[in-house]
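K.L.:
The lines below spell out each chain.
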Amino acid sequence: MSEAHDRPPQEFKLKLRRYDPESGQAPYWDEHTVELEPHRSVLEAVLQARDRFDGSIGIRCSCRQAICGSCGVRVNGEPALACHTHLDAALGSAADGVIEIEPMGNMPVIKDLIVDMDAVHWKKIQRVTPWLLAKQPVPEREYIVDKEAMVDVTQTAACIQCGACVSDCLAMEVDPGFIGPAALAKAYRFVGDPRDAEQHERLNDLAQDPQGIFDCTHCFKCVEACPKDVNPMGQIMRLRRIATSDQHITDQNNGKRHEAAFTGLIKDNGLLWEAELLPRSYGGNSWLGKFHPAAGKELLNSLPSIVKALLRGKVTPMGALKPHKIPSADLKRVQAIYDHIESHPERLELNLYISGEDESEAEEIVAGGLAVGAVEDAAPPASEGATSAPGPEGATSSDPTASEEGAGGSAPAGETPSATEPAEGGGTTDAETTHEDAEPVGPGPESANGSEPEEGSEG
Amino acid sequence: MKVAYWPGCVSRGFTPELHGSMAKVAPLLDIELVELDRACCTGAGVIAEHNQELADTLNARTFALAQQVQGAELMMNICSTCQGAQSECQERLDASAEYRDHVNETLSAEGLSYEKGLTNKNFLWLLVEEIGLDALAAKVKQPLTNLRVGPFYGCYIVRPRKRLGIDAEHRRDNYLHELIAALGGTVIDYAGMRKCCGFPIITMNKDASLKQAGRHLGDAVDAEADCLVTPCPLCHLNLDLQQPLAERTVGRELEMPVLHLPQLVGLALGLDPKELGMNRHVVRPTSVIDWSTSVVGAAA
Chain A
14 MSEAHDRPPQ EFKLKLRRYD PESGQAPYWD EHTVELEPHR SVLEAVLQAR DRFDGSIGIR
74 CSCRQAICGS CGVRVNGEPA LACHTHLDAA LGSAADGVIE IEPMGNMPVI KDLIVDMDAV
134 HWKKIQRVTP WLLAKQPVPE REYIVDKEAM VDVTQTAACI QCGACVSDCL AMEVDPGFIG
194 PAALAKAYRF VGDPRDAEQH ERLNDLAQDP QGIFDCTHCF KCVEACPKDV NPMGQIMRLR
254 RIATSDQHIT DQNNGKRHEA AFTGLIKDNG LLWEAELLPR SYGGNSWLGK FHPAAGKELL
314 NSLPSIVKAL LRGKVTPMGA LKPHKIPSAD LKRVQAIYDH IESHPERLEL NLYISGEDES
374 EAEEIVAGGL AVGAVEDAAP PASEGATSAP GPEGATSSDP TASEEGAGGS APAGETPSAT
434 EPAEGGGTTD AETTHEDAEP VGPGPESANG SEPEEGSEG
Chain B
46 MKVAYWPGCV SRGFTPELHG SMAKVAPLLD IELVELDRAC CTGAGVIAEH NQELADTLNA
106 RTFALAQQVQ GAELMMNICS TCQGAQSECQ ERLDASAEYR DHVNETLSAE GLSYEKGLTN
166 KNFLWLLVEE IGLDALAAKV KQPLTNLRVG PFYGCYIVRP RKRLGIDAEH RRDNYLHELI
226 AALGGTVIDY AGMRKCCGFP IITMNKDASL KQAGRHLGDA VDAEADCLVT PCPLCHLNLD
286 LQQPLAERTV GRELEMPVLH LPQLVGLALG LDPKELGMNR HVVRPTSVID WSTSVVGAAA
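Each protein sequence line maps, in turn, to chains A and B.
Here the first sequence is numbered in the working numbering, starting from 14 and rising by one per residue.
Here the second sequence is numbered in the working numbering, starting from 46 and rising by one per residue.
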């Protein structure tokens, strides 16, 4: 990066998506050539084009250091903060040497690169009651909470509400009513907060909403889009896990039944039995599930596909009626693993955001089998948010290996990749202060019951 | 090369032509497949959603079995979803020695142990990185000339980039493009090629799921693709098996054949379409094959 700062200004070609709904004209592309040092940002390039060539170019911005979340756009088709994307990186991902800048998706355009966040993003955020509903009685001084739990919620609290994840949510693309990644990450911020009193109600609302947690298609788009490593999809999966496995909430989308059917079929057979999965997801997790009216209705609805599949010999009646199984000795081992793990009083969950990664052992070549020479490709399994690493103990309690902790010597992973990672489309900038609590003021916090502290242990 | 081969569940269930075509193609590429038939389902993300430790332990068991295959250079899968689910578990297992020890303790009951650093590649990655596209092109007997192929990657094999080892040097999210070209076909870009097929929510929001499938298929039709190719059997289920329903949902005729990756490779290597199970698709690949002569691609 340092040499980038030494490079002289050069020309960059920009292609801007222009649109003014009030003009009655269709959207069009506008091209400008600007001159800037390669380490400058896409935002600076757009502003230069506006200042030099066309004062009517619309873009929203404020802090210019990836904190305020105002300048979300699409650069070469991918959502990004304009101020957090270096021109040389943008040029690297540009087709034909022209940097393409468009407004974000899934939200109506107000003008050019400015989208209507109120109409979509903020409305969805409001659906999750984005403030603390404090446990009563509120202590006179501070709440005393587990440090790890607070570190955990800093990941979602780091959201700057830029809308990049909303822009490219593939579920929202076909189902605009889907509550979406930003709102669900915000929901986890409170569900995971030990000071919040309404965990069950929050989860129940999100599960009963047919466009809630079980409407996510698990496509990882939001994980890639987020400039702050909030990992929205990861938080959605955690919300599902807590709702189904811990709180036993049955939802409107067959989410819990599907999960139970899938997990159960693997326990019974070792391999998936597709013909049973569908009816059980609708009708309940047993062999009788397919006789439930909901399953019958679903099978009837799918008849066009079923008939064709049978006609083509893709699926044979016998193949559908009989599960594939792994050898019985192995199936017994798999079932023993299920029984062993499900007998733990508490689920064990390794959160790399909290624990970080072990100190690099890249040089360590493990002898034998497939591990040899594997380092090059498989090596840096990057942590999701390799930033904070308060301690080696990443798993939630009940870890039976806890006593070996010291011996393991797993160093806090502060020194692992994050700094060296060429962050896509952005690189590291001076604004990498992810964990400054950028907790935004959601719409209407004044309506929160009481004035809850957002931060650690303030009273 | 010898690989520990994880075929997945669906390739032996609802898309048997995938596993079948892989078995036919492997010897032509000098790949020796040692099937991990003792291993169980990866969980496809769903078991992890239920209980993370359970998913990690089941996959660690598969990794350990793979590491026991003598002389195998790496583990190979033929399912994007398996790749994604396994990579996620491996990321945690490799990140923490303490966690790995804990998981291995569970596996020790059957004398298994996972050692950090497994190399696990989807067939697509193996083709490009191990065999090499030049070497592959040299083996092509029937170039896919004039065949317009739309790539459909599947989410789990293109995101998240860091976990999957995608960077400027390893453009794994572009390998299908490169492969189609190497086989002599014409690559067709269309909007949905790296989007979600909708399969994960087929039981949870069927309408949205089929809208996704229908929209991407429609985009490919509009781009005048002859067929799609995918390295993911779950995408295949939504794009092919469910295509009649997707047509109903988006209200347009689609008739877009969808090939599995080994089928496309097999065609170019001169295998017979029937051998590759192409008669078992819901949407007949008639645009790909002139069934009377088994010649690839209609002469344009």
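For the record, the hints were derived by calculation from the structure and aren't laboratory data.
Worth double-checking, as some hints may not be accurate.
What the hints assert, rightly or not - As a list, the in silico DSS-like pairs of lysine-lysine whose alpha-carbon atoms are at most 27 Å apart:
hint: 1; chain 1: A; residue 1: Lys321; chain 2: A; residue 2: Lys310
hint: 2; chain 1: B; residue 1: Lys184; chain 2: B; residue 2: Lys319
hint: 3; chain 1: B; residue 1: Lys256; chain 2: A; residue 2: Lys338
hint: 4; chain 1: B; residue 1: Lys69; chain 2: B; residue 2: Lys184
hint: 5; chain 1: B; residue 1: Lys47; chain 2: B; residue 2: Lys251
hint: 6; chain 1: B; residue 1: Lys256; chain 2: A; residue 2: Lys335
hint: 7; chain 1: A; residue 1: Lys345; chain 2: A; residue 2: Lys335
hint: 8; chain 1: B; residue 1: Lys251; chain 2: A; residue 2: Lys321
hint: 9; chain 1: B; residue 1: Lys69; chain 2: B; residue 2: Lys251
hint: 10; chain 1: B; residue 1: Lys69; chain 2: B; residue 2: Lys256
hint: 11; chain 1: B; residue 1: Lys256; chain 2: B; residue 2: Lys47
hint: 12; chain 1: A; residue 1: Lys310; chain 2: B; residue 2: Lys251
hint: 13; chain 1: A; residue 1: Lys321; chain 2: B; residue 2: Lys256
hint: 14; chain 1: A; residue 1: Lys338; chain 2: B; residue 2: Lys186
hint: 15; chain 1: A; residue 1: Lys310; chain 2: B; residue 2: Lys256
hint: 16; chain 1: A; residue 1: Lys303; chain 2: B; residue 2: Lys319
hint: 17; chain 1: A; residue 1: Lys310; chain 2: A; residue 2: Lys345
hint: 18; chain 1: B; residue 1: Lys186; chain 2: A; residue 2: Lys136
hint: 19; chain 1: A; residue 1: Lys303; chain 2: A; residue 2: Lys335
hint: 20; chain 1: A; residue 1: Lys303; chain 2: A; residue 2: Lys280
hint: 21; chain 1: B; residue 1: Lys319; chain 2: A; residue 2: Lys335
hint: 22; chain 1: A; residue 1: Lys280; chain 2: A; residue 2: Lys335
hint: 23; chain 1: A; residue 1: Lys124; chain 2: A; residue 2: Lys26
hint: 24; chain 1: A; residue 1: Lys280; chain 2: A; residue 2: Lys345
hint: 25; chain 1: B; residue 1: Lys186; chain 2: A; residue 2: Lys303
hint: 26; chain 1: B; residue 1: Lys186; chain 2: A; residue 2: Lys321
hint: 27; chain 1: B; residue 1: Lys184; chain 2: A; residue 2: Lys335
hint: 28; chain 1: B; residue 1: Lys69; chain 2: B; residue 2: Lys47
hint: 29; chain 1: A; residue 1: Lys124; chain 2: A; residue 2: Lys136
hint: 30; chain 1: A; residue 1: Lys28; chain 2: A; residue 2: Lys148
hint: 31; chain 1: A; residue 1: Lys280; chain 2: B; residue 2: Lys251
hint: 32; chain 1: B; residue 1: Lys184; chain 2: A; residue 2: Lys136
hint: 33; chain 1: A; residue 1: Lys136; chain 2: A; residue 2: Lys148
hint: 34; chain 1: A; residue 1: Lys321; chain 2: A; residue 2: Lys345
hint: 35; chain 1: A; residue 1: Lys303; chain 2: A; residue 2: Lys338
hint: 36; chain 1: B; residue 1: Lys69; chain 2: A; residue 2: Lys321
Claimed, not checked - Calculated from the model, a selection of chain A residues having no Cβ within reach of chain B, i.e. all distances over 10 Å:
hint: 37; residue: Ile70
hint: 38; residue: Gln212
hint: 39; residue: Glu272
hint: 40; residue: Ala273
Even for Gly, the Cβ is constructed at its ideal location relative to N, Cα and C.
K.L.:
Hint numbers the structure violates, sorted upward?
P.N.:
3, 5, 6, 9, 10, 11, 14, 16, 17, 18, 25, 26, 27, 30, 32, 34, 39 and 40
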